[in-house]
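Protein chains in written order, with the numbering used here: chain P, 8 to 254; chain A, 1332 to 1706.
The set of hints was computed from the structure by calculation and includes no laboratory data. One should not assume that every hint holds.
Here are the computed lysine to any residue pairs in the SDA-like style, where the Cα-Cα straight-line distance is at most 25 Å [stated by the list, open to error]:
1) K1607(A) x Y152(P)
2) K202(P) x K1607(A)
3) K196(P) x E1615(A)
4) K1366(A) x E1615(A)
5) K1363(A) x K1663(A)
6) K19(P) x F1526(A)
7) K166(P) x F1687(A)
8) K1589(A) x G1464(A)
The chain contents come next:
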Amino acid sequence: MITIDAKDIDYKTLNARIRQEIRKGEKNIHLQNVSGHRYIGDGIQGNDISIHIEGVPGEDMAAFMDGPKIIVENNAQDGVGNTMNDGKVIIHGLAGDVLGYGMRGGRLYVKGDVGYRVGIHMKGYMDKIPVMVIGGKAGNFFGEYMAGGLLILLGLNSKDSHRPVVGDYCATGMHGGIIYIRGKIEEHKLGKEVKHFPLEKQDEFTLKPILSDFCKEMRENYDVFDFSQYSKIIPVSKRPYGRMYVY
Amino acid sequence: MGKFGLFTEPWVKSPYSERDSAACGLIGFINKDRKRVSGSIIKKGISNQHDRGNGLGGGFAAYGIYPDYQDLYSFHLMYDSKDDAEAAEDILHNRLKVHHQEIIPHRATKMISDHPFFKRYFAEPDPSVSQNGANLEDYIVSVVMEINTKADGAFVVSSGKNMGAFKGVGFPEDIADFFQMEEYEGYIWTAHNRFPTNTPGWWGGAHPFTLLDRSIVHNGEISSFGINKRYLETKGYICTLMTDTEVVTYLLDLLLRKNNLSYELAFSALAPPFWKDIDFMNEEDKIKYTLLRSVYAGAALNGPFAFLFGFGGGLIGINDRVKLRPLIVGTKGESVFMSSEEASIREICPDVEDCFAPQAGEPVIVYLNGNGQII
């Protein structure tokens, strides 16, 4: 294991150092005093690499990441997991806007609330299924243009009891994948392309191991296995815009 | 337009000129008990967001910095050259009683060597002005507009009581060094790191934009700028600073000072609820917001934004209605921080108690405790 102190160094230097250590064969990297450093973990490959972050990482962490595991002990900012291909990101706090944009594999777990435009255009192929689990609540445009993968919103741990569990324009433009929401959904806030349904046995079968893994990574025993509390949102048309140029 | 006007060369070249993906940074601070902090603290916060700008603008607004002159209007003026001061000073001396004036202290730094000439004036209207029935604030605004339009090469950077704005072309940490910000102590601060996208990067185009004691720092683009500008012209405000953010300052002056709207309503006019959401409201709110949107259609701002609005009585932060820019609020005791990035808040307050992101279009309003000095 190696510890890198990010204090007073800029993000380019920090990321160059991280890549250098990985080239040398280092598998376990501990970062201290991270304060807004951008692009941590971006483009890094390897299934046995782990990066542990103390402090608040900056924008666009784990973009294009392919395999490693990143653990953030506090809050993260915007843009986490952009086009992430594989690996695991665990955030023991809040995260910001535009998480998992175009995510295509791997897992992203956030303990608390997230911001706006989370899970836009997540996509899957064969057995490559990206999974995002959010412990708290999410803002508008959740799962916009989703094309594959799983988005799971638990509505626990929220700082704001007044907010609904998910915001407006949820799943607008969705045409693939599944969104599972634990909590009350307001019909008029969903995109026109989707409908919500109660869960079936197959859904419970899919969710159980993911939720167990989430609890394990969060080091908590959440009471989230009562599947009657959930709804699932799926597209009800394969070609939601098929009629756009007809009328 | 003089040397520091249009098409200015950036005095600081961005070290990452191959590709910048930032979009302005801002940070604000208020201590509700008026406990003053040094500018070096806010400099630390904004410089943590160095990569959000590209060196073409940095600036600060500070409140509570002139306790010895707190009842006078503090004018900060920027001149293309020393010679341009004469015309503006004629206006100031003719229209106001200037108690004290001096060059704004600054130091030449490695990053900023060529710069406009800055002076400050502590002044008030002659008593006869109010005796004749004129509104003092309208009078000050007219002095500002006169200098901006009639005195060549001169621009008013700020015109409030017990506050001042310091800004220019450079990264904010370099502007802080240039203006010796570490020597000022204020209980409300805002700071900005500019990444201009639509308008030139020049000394007057840096943020904050101010009028009287109101200051704005802005991350975003006001795509409704043309509409807002025309609307403001019908109300007597003239935009001279070639930057979209200028309209917000004047819109708020119109809504708050001239039309006496509450802060909540004024910000609702700038970021109004969508019609489809108004449809779902109760009768009273439906009427209220329909009226607001209809009367103040010219004030609605389109485009992405996060603003920090400082004024003599407090600090307000707000996002556009679809949250296209980041904004985080943190609190510790009687201090509140608002920033584009959480890391910057923790940089200046590692033990911040509570961090959260406000909802799109909903202002976070923090008033000073007790009676704020409202201008």
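Of all the hints given earlier, name the ones this structure violates by number, lowest first.
4
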